[in-house]
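Q: Sequence:
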Amino acid sequence: MTHLKGRQRLLALGGLFLVVLAVFVGWSVMSKPAAQAQGAKRTRIVFWHEMTGPAQQQLDTFVKDFNHSQHKYEVVPEFEGNYNEAVQKIINTHGTDASPAVFQSMDISTSQIHHTGYTTPVQKFIDADHYNVNQIAAGARAFYANKGTQLSMPFNTSQPVLYYNETLLKKYHITPPPVNPSYSDITRVATQLMDRSHKQVQGMTVEIYGWLFEQFMANAGVSLANHQDGHAGTPTAVNFTSPSTLTTMKWIQDNLKRGDFVNYGAGANAQNNETASFLSGRLGMFLQSSASIGQLTTGNHDQLGITYYPHPDGQKSNGVAIGGASLWISNDKSAHVQRGAWDFIKYLMTAKSQAQWQVATGYLALNQGSQKEAVLQKLYQKLPATKVPGEQLRAATPNATNSGIFLQGLIQERNLTQTAMEQIYNGSDIKKSLETAEKSMNSYIQGNNRANGY
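Here the working numbering is used: the first residue of the sequence shown is 2, the next is one more, and so on.
It should be emphasised that the hints constitute simulated quantities derived from the structure, not laboratory data.
One or more of the hints may lead you astray.
[Said to hold, decoys possible] List time: in silico PhoX-like cross-link candidates among lysine-lysine, alpha-carbon distance up to 20 Å:
(1) Lys334 <-> Lys347
(2) Lys42 <-> Lys65
(3) Lys353 <-> Lys379
(4) Lys373 <-> Lys388
(5) Lys258 <-> Lys73
(6) Lys334 <-> Lys42
(7) Lys251 <-> Lys432
(8) Lys388 <-> Lys353
(9) Lys200 <-> Lys125
(10) Lys148 <-> Lys125
(11) Lys347 <-> Lys73
(12) Lys334 <-> Lys125
(13) Lys42 <-> Lys73
(14) Lys258 <-> Lys42
(15) Lys347 <-> Lys65
Could you build all of it, start to finish, from the sequences and the hints given here?
A: Below is the structure:
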């Protein structure tokens with residue numbers, strides 16, 4: 002009997018276990034659709050970008066972290082090719098289901114994107130949230146603003162800077178250029194490098210690049226386009242032949258003739274060659290984007306020096322414009338989707354996110370609070386020169402000539418100024434070369450303005 006009772010008790014416990022198991026399985030089966038339903042309630046926010054390499058990896062991390070941080074939205078990142086390809090896709094898909102809710106677009110497309118009428122200015126959300134936009138670097142904001150309205154949010158942002166090989170300068174007992182150098186400061190170092198190395202080290206190169214041409218004008222406080230570089234109205238003409246611009250081009254041409262500067266040409270090959278020469282100790286200085294810092298420090302045993310962009314002798318630097326791209330919100334999406342796009346932008350612009358962005362990519366941390374973040378402080382301790390581009394950005398007071406050129410057709414402008422630079426580098430008459438480019442650009446602007454009814 003005792004054995005029977007024990008068996009009955011065992012069967013009873015087994016039955017109870019099966020009941021509990023059935024309830025648990027039933028709950029699991031029922032809860033799975035519930036969880037899926039909960040996930041399905043998230044609003045999809047399609048995000049188009051043009052980042053590759055480490056920048057894309059960090060961007061994917063940001064998206065993942067944002068999606069985990071809240072339950073309203075699901076950001077879906079999609080790579081859309083290079084900047085030019087992305088701009089065309091953005092314009093061509095607007096108003097369709099294929100268009101993005103938030104997208105990244107390059108600096109020189111700012112006027113073009115604005116004039117499509119396809120976006121909601123982020124100013125709308127800044128005002129609605131009482132968002133403290135002053136925490137974002139003023140010089141970066143100014144590039145993507147027009148007449149007091151913030152059109153888009155600056156994101157991957159760089160500054161043009163001068164790089165120099167500090168180890169080489171020490172080897173030849175040359176005093177480095179100051180943090181904010183004049184043209185003469187650069188000439189001195191280039192000449193000393195060539196002389197003391199017995200021409201084994203090239204002094205300096207300035208790539209044939211329309212962006213650098215624009216930066217020389219900006220730092221001299223000279224407008225490239227009328228109506229205050231387009232910030233006060235639609236430009237109707239450009240000016241490539243101001244006295245300051247002629248002086249700058251003569252400075253480069255004279256140094257090329259003397260052999261203190263060297264011409265690496267234009268385009269990707271020029272950038273690759275100047276970088277290779279710099280890293281191998283055959284080139285002492287060159288001008289390029291601050292986004293190159295990672296490439297110039299990884300595996301480089303020489304000490305890297307960085308200064309502000311050079312300015313004309315006898316005047317203070319006016320400050321240079323940024324490079325990179327910004328984040329825009331499409332107006333063909335619902336108010337709820339646009340709100341999700343804005344919340345994602347805010348997440349990317351936090352002090353923590355921006356500090357991580359600079360460390361991972363070399364782009365500048367735009368949130369002022371980022372400078373206190375441990376991850377950025379650690380970078381500065383390891384590579385002190387990496388502080389310089391951000392200091393240059395914060396040192397400049399935004400004005401019409403250092404806040405970018407609000408002009409449609411900047412790609413055309415760069416092609417024309419690059420052609421003029423190439424002619425000048427090869428010894429042609431400076432003023433005539435620039436006048437030819439100026440005449441062609443003014444003709445382009447007039448035709449474009451007629452086509453758009455301006």
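Q: When the hints from earlier in the document are held up against this structure, which numbers fail?
A: Of the numbered hints given earlier, those the structure breaks are 5, 9 and 14, listed in rising order.
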